[in-house]
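Visitor: Here is how the chains run, residue by residue.
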Amino acid sequence: MLFVEFRFFWFFLAVFAVYWSLRDNRTRKLWLLACSYFFYAAWNWKFLFLIMASSALDYLVGMMLSRTENPRTRRGWLILSLCANLGTIAFFKYYNFFVTSAAALLEWLGLPASLHTLNIVIPVGVSFYTFHSMSYTIDVYRRKLKPVSSILDLACFIGFFPQMVAGPIVRASTFLPQLQTIRRFADVDGRGALVLFLTGFIKKACIADAVAPFVDRYFEAPWNFTMASAWVAVLFYAIQIYCDFSGYTDMAIATAGLLGYQLPVNFRFPYFASNISDFWHRWHISLSSWLRDYLYIPLGGNRGPAWFVYRNIMITMLLGGLWHGGAWTFVIWGGLHGLALVVHREWNRRTHSRQDVLPSADEMQKRNRPKNLRSVAGWLAWLFTIYWVCVAWIFFRAVDLPHAAPALRSFLFLPGGGSQDLGAWMLGIVVALAFVHWLNFRGTFSEWWRRLPASAFAAGYGCAFAIVLLFIPPHYAPFIYFQF
Amino acid sequence: MSVQFPKKLGYVAIALFAFFATSALIHSFLPPIIPKGIAAKLKFFSEHRDEFDTVIVGTSRLYYSASPEIFDATTRENGLPTRTFNFGIDGMHPPENFYVIEQILKTKPRNLKWVLIELEDIQTKWDNILGTERAVYWHDWARTSLTFRKALNPRGNANWFIKLTRLWLARRDFISNLMLFGKQFANIGRATDFLPSANAERFADAASELGPRGDGYRIAGDAMSAERATGFQKRLALEVSRATQKYLDPATESGYRNAAAQIRAAGAAPVFVVTPIIFQSTSRFRQSPPPAPVLAFNDARKYPDFYDVKVRIDDGHLTREGAENFARALAREFGHRARQP
Numbered sequence: 017m018l019f020v021e022f023r024f025f026w027f028f029l030a031v032f033a034v035y036w037s038l039r040d041n042r043t044r045k046l047w048l049l050a051c052s053y054f055f056y057a058a059w060n061w062k063f064l065f066l067i068m069a070s071s072a073l074d075y076l077v078g079m080m081l082s083r084t085e086n087p088r089t090r091r092g093w094l095i096l097s098l099c100a101n102l103g104t105i106a107f108f109k110y111y112n113f114f115v116t117s118a119a120a121l122l123e124w125l126g127l128p129a130s131l132h133t134l135n136i137v138i139p140v141g142v143s144f145y146t147f148h149s150m151s152y153t154i155d156v157y158r159r160k161l162k163p164v165s166s167i168l169d170l171a172c173f174i175g176f177f178p179q180m181v182a183g184p185i186v187r188a189s190t191f192l193p194q195l196q197t198i199r200r201f202a203d204v205d206g207r208g209a210l211v212l213f214l215t216g217f218i219k220k221a222c223i224a225d226a227v228a229p230f231v232d233r234y235f236e237a238p239w240n241f242t243m244a245s246a247w248v249a250v251l252f253y254a255i256q257i258y259c260d261f262s263g264y265t266d267m268a269i270a271t272a273g274l275l276g277y278q279l280p281v282n283f284r285f286p287y288f289a290s291n292i293s294d295f296w297h298r299w300h301i302s303l304s305s306w307l308r309d310y311l312y313i314p315l316g317g318n319r320g321p322a323w324f325v326y327r328n329i330m331i332t333m334l335l336g337g338l339w340h341g342g343a344w345t346f347v348i349w350g351g352l353h354g355l356a357l358v359v360h361r362e363w364n365r366r367t368h369s370r371q372d373v374l375p376s377a378d379e380m381q382k383r384n385r386p387k388n389l390r391s392v393a394g395w396l397a398w399l400f401t402i403y404w405v406c407v408a409w410i411f412f413r414a415v416d417l418p419h420a421a422p423a424l425r426s427f428l429f430l431p432g433g434g435s436q437d438l439g440a441w442m443l444g445i446v447v448a449l450a451f452v453h454w455l456n457f458r459g460t461f462s463e464w465w466r467r468l469p470a471s472a473f474a475a476g477y478g479c480a481f482a483i484v485l486l487f488i489p490p491h492y493a494p495f496i497y498f499q500f
Numbered sequence: 016m017s018v019q020f021p022k023k024l025g026y027v028a029i030a031l032f033a034f035f036a037t038s039a040l041i042h043s044f045l046p047p048i049i050p051k052g053i054a055a056k057l058k059f060f061s062e063h064r065d066e067f068d069t070v071i072v073g074t075s076r077l078y079y080s081a082s083p084e085i086f087d088a089t090t091r092e093n094g095l096p097t098r099t100f101n102f103g104i105d106g107m108h109p110p111e112n113f114y115v116i117e118q119i120l121k122t123k124p125r126n127l128k129w130v131l132i133e134l135e136d137i138q139t140k141w142d143n144i145l146g147t148e149r150a151v152y153w154h155d156w157a158r159t160s161l162t163f164r165k166a167l168n169p170r171g172n173a174n175w176f177i178k179l180t181r182l183w184l185a186r187r188d189f190i191s192n193l194m195l196f197g198k199q200f201a202n203i204g205r206a207t208d209f210l211p212s213a214n215a216e217r218f219a220d221a222a223s224e225l226g227p228r229g230d231g232y233r234i235a236g237d238a239m240s241a242e243r244a245t246g247f248q249k250r251l252a253l254e255v256s257r258a259t260q261k262y263l264d265p266a267t268e269s270g271y272r273n274a275a276a277q278i279r280a281a282g283a284a285p286v287f288v289v290t291p292i293i294f295q296s297t298s299r300f301r302q303s304p305p306p307a308p309v310l311a312f313n314d315a316r317k318y319p320d321f322y323d324v325k326v327r328i329d330d331g332h333l334t335r336e337g338a339e340n341f342a343r344a345l346a347r348e349f350g351h352r353a354r355q356p
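If you read the sequences in order, they're chains A and B. Here the numbering used here is used: position 215 in the first sequence is 231, and no number is missing along the way. Here the numbering used here is used: position 154 in the second sequence is 169, and no number is missing along the way.
If you're looking for bench data, these hints aren't it; they were derived computationally from the structure. Please read all numbers here as calculations on a predicted model, not as lab measurements. A few of these clues could be false.
Going by beta-carbon spacing under 8 Å, a handful of chain A positions derived as facing chain B [unchecked claim]:
#1 F22
#2 A58
#3 W61
#4 A450
#5 H453
#6 W464
#7 W465
#8 P469
#9 A475
#10 Y477
#11 I483
#12 L485
#13 L486
#14 I488
#15 P489
Every residue gets a Cβ at the ideal spot worked out from N, C-alpha and C, and that includes glycine.
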């Protein structure tokens, strides 16, 4: 079930109506859990057991961690939880990747290899809900969080349908307290949530899905297309992935908001980032801050000599790339970002300016204004950043390296390529969308609708939705991040 | 609560009213997105509408079987010359065909005299094309209500209790058709039809849809394999043994009667055609007289040539040779009936 589908509308209407008509918090949570499992089962009910097992195990680990002070025993319980959660991801997402990579390596070494791959269906959102789950056990282990007394709370946190399958990656420490206090309808910012939902809907259904066919056509056989087509396809993909993922996040935040829950901000105009570090403070913030707190800092973080910090950055970004899926293209994508972060950090070190590599969890919630682009140097830095991000997107989108190579060549202005054309005029669409995005970045659309009388807002919202539906392409494309 | 509950409900009502009013307004201005194969044929027909006096409308069974060239040659020989366009479309079952007939008539073809329509039961399941514009574009209320009536009373003999149970048994059909109606009413994706790329794609296959002679007819494939032929013969024997007279259900009958009335109002005459399908039962209208003559070829005893495995692709389709023979037979029967008062 997708947020942009008709059936989600009916589903949410039922969830919303029953949820707010219930008086007792426990009953509400039971209802939410049932609805969340129904939401997931609409995709594949068999994998529900995986979520239930993960919730049960982490509840048990949390309880056991609270009952012992012995560091070795505590570490043992934590390792059990990590092994179970990471093992789930490793099996479903990386088994075939590691097997094929090992086979290729053995073949390269001239050794006979007869390793078998499996026909594995990857459970939707497995990387997201296991990360939710792990944040709970790690925080309990670190004594940053008290274990929950009711498994219902933990199951609700892990399975909460707006964020279960594609994030944002919510921390247990921010979400569990919300579950433990009864939500009041009076506190719901209905207008804000509705506008955010419509915004996300437009991003996903009208923009991401509209450009997707062009991107798909190009990346199916990039060697057949002209250099201008490569630019159109890569820039369209940058638009597609941003609108797809941030659109989903907007709808997730809005949906949760209508039920009285706050989810963290996940995007803050990433394509206006003035450098690569700034980009990671704006793109998929919940993942980058998760990686910072649970991987980068435990690896040593910023402490130690420069090479040690760079090593930590590279490990974090390579694993961050691999988190997206078992393919070398994702590893290269992570590597390119890691490399850029290292170069940027070295630049900062030499010019004595300082910025954290990845955002902290607290920073996620702040509404920091975007960096200004007033100087020529600032514009150049922005241009170089966006170019590098787009280069990296080529690897993220291409199915394999032979498909990435011709796209990269064309994007780097190197000669070659075919004669098929997507239409260079479509770069105009990129410019138009960038202009609208810039207006939004400047706050043009941010608050005026709050000043409207309620009846005018309601009428305008109804009209706006009817008009938005006109621009939906006939075929829904699944959310890109569902596969991760 | 900052605003009382009834007040909030009022705002929801305002939003819904605004949504429906805007949708209805847009609906009246923007045409629905007609899928590319049908759009290509409709465009061609609209441009050449006065050149044709006969149109054949149906599924692939007519699309690949009724060659206008042979049909016209045969009618000419029989002294009733025609100029025919084949408006057959893959998988165009009723009630989609009723919608397409309406679109054909909307082009106001001045010389149209005959419309041959394939006769079959209304379909209610669209699982194979759900989520595509093909399932959406014809789902206006007139057509959607026919699918509801069919789902509620599929055999035409349901009393109120059966209808009540059908509400549950056919719930998937109701929901999917209602969703498709919702999409059609809400104009989903209509603006995308104006994108140059979408339009180019829509008419890109026009030449292949119109067939090699540009008359809408496409040549079918090869005969079935020996293995499949054995299965076909067994199924045919079974169908022949249990052939009976079957009344059309009320929804189907109503749909065909309406289509016939529209054709007559446009100054043409309808003729219903049952192709040589494997099902051998004869379809009859409940009310007498039928709205148009029925030319039925699904009788293996009367038309054994069409059931020879050498001229069959499958249960519903004929090879090129079979199609040519069928087009001649259709033209002869048509000429014979057309002369009757």
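Visitor: Among all the numbered hints in the text so far, which are the ones the structure does not match?
Guide: 2, 3, 4, 5, 6, 7, 8
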